[in-house]
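*Asks:* Here the protein sequences come in this chain order: A, B and C.
Throughout the first sequence, residue numbering follows numbering that gives the first Met the number 0, covering 0 to 450 in sequence.
Throughout the second sequence, residue numbering follows numbering that gives the first Met the number 0, covering 0 to 221 in sequence.
Throughout the third sequence, residue numbering follows numbering that gives the first Met the number 0, covering 0 to 66 in sequence.
By construction, these hints were calculated from the structure, which means they are not laboratory data.
The structure displayed is predicted, hence computed values, not measured ones.
It is possible that some hints are incorrect.
Claimed, not checked - Here are the simulated BS3-like pairs of lysine-lysine, each with C-alpha atoms no more than 25 Å apart in a straight line:
(1) A:Lys-316 with A:Lys-74
(2) C:Lys-61 with A:Lys-207
(3) C:Lys-61 with C:Lys-2
(4) A:Lys-207 with C:Lys-2
One-letter residues, chain by chain:
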Amino acid sequence: MTYGTTVPYPAQHPAQHPARRLTQPADSRPRDRDTELPRLLPAHGAVPVDLRTHMSRYGAPPYFGQPGRLIPVLKAAQLTGRGGAAFPVHRKLTAVAEAATRPVVIGNGAEGEPASDKDKSLLWISPHLVLDGLQLAAEAVGSNAVGLYVHRNARLQERLRAAVAERAGARIDLAPVEIIDAPPRFLAGEESALASRVSGEPAMPRFKPPRVFERGVVGRPTLVHNVETLAHMALIARYGPHWFRAVGTADEPGSMLCTLHQADGGRDVAETGLGTPLRNLLTLDEGTQAVLSGGYHGAWLAAADAARLTLSNAHLKPAGAFVGAGVLVAFPANRCGIAETARVARYLALESAGQCGPCFNGLPRIAAALDEVASPQPDPRAVADMMRWAGLVEGRGACHHPDGTVRFVRSALHVFREEIRLHQYGRCMDPARRPFLPLPADTALDAADWS
Amino acid sequence: MNGITQSTALWYASRATGVVSLLLLTGVVLLGILVNRQGRLPGLPRFVVTGLHRNLSLLAVAFVAIHVVTAIADPYVTIRVAAVVIPFASAYQPLSLGLGAFSLDVVLALIVTSLARARMSRRLWRALHWLAYAAWPSAVLHSVSSSTDLRHGVLLYLAIACCLAVAGAFAWRVSHAGREIPREERAAVTLAMMSPRSAPGPEARRGSRRASADRPTKADIR
Amino acid sequence: MRKQLRVDPTACSGHGLCAELLPELITLDEWGYPIVASEQVPRSLDRHVRRAVTDCPALALKLLRAS
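So here's chain A without its partners, still in its complex pose (with noise of 0.2 Å):
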């Protein structure tokens, strides 16, 4: 199963900014090249960055002879996880190069979230940044178990393979690198989850602790990173960290890799600096009511309120949303945003690993009742009951499931109040409740699914 094609959808909307969209061609201005986007992606079109092409560019990856010496490098950059959760990847490095007991190195390609291609993206055209960078991390920590953890898509997982085995013959790597397959959940990526499954079991989250940078992967301490983070690592390593602060802002520095979604229905990756205006990615006129940021864990955003945020924590958390993996929804003025929330909220239900009391009894109960808002002369006591589960679920899995459905939810109920209002008196923005969030065509049934 896929969620679509691996090369984004081409962009239906004229290029008015720095940031560089895959579909259009490089900004002609000449630009200070510290500060010049793309840096990730390649200046031209989407075509994939072979060996040859990647060595002429960069070069081999810029070994350091020595454990642990990557480490203070990445801590200047500040470079944070692109994954998500933003945490200090010199940290992590830190954390398991301390275990010293056989660590392990996974790349995290599984990319759960539906709405967003930009890890895919990455994969298929830049692998061998990603590459570089996890075998400089496998040589920061003293590794030599590295896999790359790869969403299930033939096509993806076997251009991978031969360029693992074309940097093997060429003998740039150091250590050996196994594509691991994913399973299509959108859980599959949470760390503890990729854990288990590159352990041999389901793709289904543990308790913490033990965190897995201390008892991971088969019991070894294991160091799991984002495959953008990665990319990012290879180049910081080549050009250093000042190199890498010339984008973004001095607390969030650098460039990060974007979903974007337009309300017209144009989909593209873009790459662009933190502290970047939302208005600057996303097209926000009268046809757009309200903004999704960060994925389907994030928070939705009144339009006109998005409008004045910038693509950074500092700006979007004291709003109620984060950054998070670059997922940027403008969702359409003549929609119904709690029937698409409800939608979501159902998948999310779903996607439950169904281990935890809380989980695969709280998020069913919000869905239905998400759905029951979302209809006709909705039951009154639908809202209070959501707000009670939501309560009742939050904290209490293993992993932050509920907590992301809940905050979802949360966000939709308040950004969708007034489409609420007009439910209970019969009307709706849109009563066919066309759907816009992109999702999965089938859902997760039974044990195979999760394998």
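Knowing the structure of chain A, use the given hints to seat chains B and C on it.
*Replies:* Below, chains B and C without anything else, positioned relative to chain A:
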């Protein structure tokens, strides 16, 4: 006391403690199944079921210990100490005592692993605990074959009652295992319970084991 | 550093003994799963906490070193 009377006393003690051990072990098995099914003893708090299960098992071991010691000490028959734990190592009634030794071995293993439960993997503990379903029948066969006590009168009815009780409880236990909803399906089943229009549609059901006519209950989802 | 009282929700199947043995700290939600009021345990309840942890049939209640 002369030798024959001493022997008779020991022999009676062994038989009596044997019967009590069997009754206690039956109680332990029934309570164990009740714990697993989250059942309750009427009017009593839940912790009584687990507490009684544990305490009766320790009491059973105590009675089995007396049962074994008196049997060995009884000079009328010669039972080697080794035969207590090594099945079929006895010259006297090897099959019957062998079953008893096997049962005792397993019971000791269950108790030791349960005392050390926090220190071992949950999966390993569960796998070993299933051996209880091997220990109890062995104890029954041992009881029935090693002496004729259980073949007449009150003790016969007692033995039959024990067997029926365990058979019934076991059937109850196994029937739940057959109906238990696997964790991967729990959310979908809960969603279906909430409202018909929220349930995953027929096009989404690819070979699921659950017939749509089944009405799952909360107990099935646990 | 005192240990924290936590429930492993993947192991918990809602037996509910913990709420009976430690009602000061644990209540059950509407589905029978435990809600721990506070991870910090007052010393006066140490004995009861230890018993609840030992008696949980699923070994889901845990006393863990603070992370």
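*Asks:* Hint by hint, say whether it matches the structure.
*Replies:* The hints, checked one at a time:
{"no.": "1", "hint": "A:Lys-316 with A:Lys-74", "result": "holds (23 Å)"}
{"no.": "2", "hint": "C:Lys-61 with A:Lys-207", "result": "holds (11 Å)"}
{"no.": "3", "hint": "C:Lys-61 with C:Lys-2", "result": "holds (9 Å)"}
{"no.": "4", "hint": "A:Lys-207 with C:Lys-2", "result": "holds (15 Å)"}
Of the numbered hints listed earlier, not one is contradicted by the structure.
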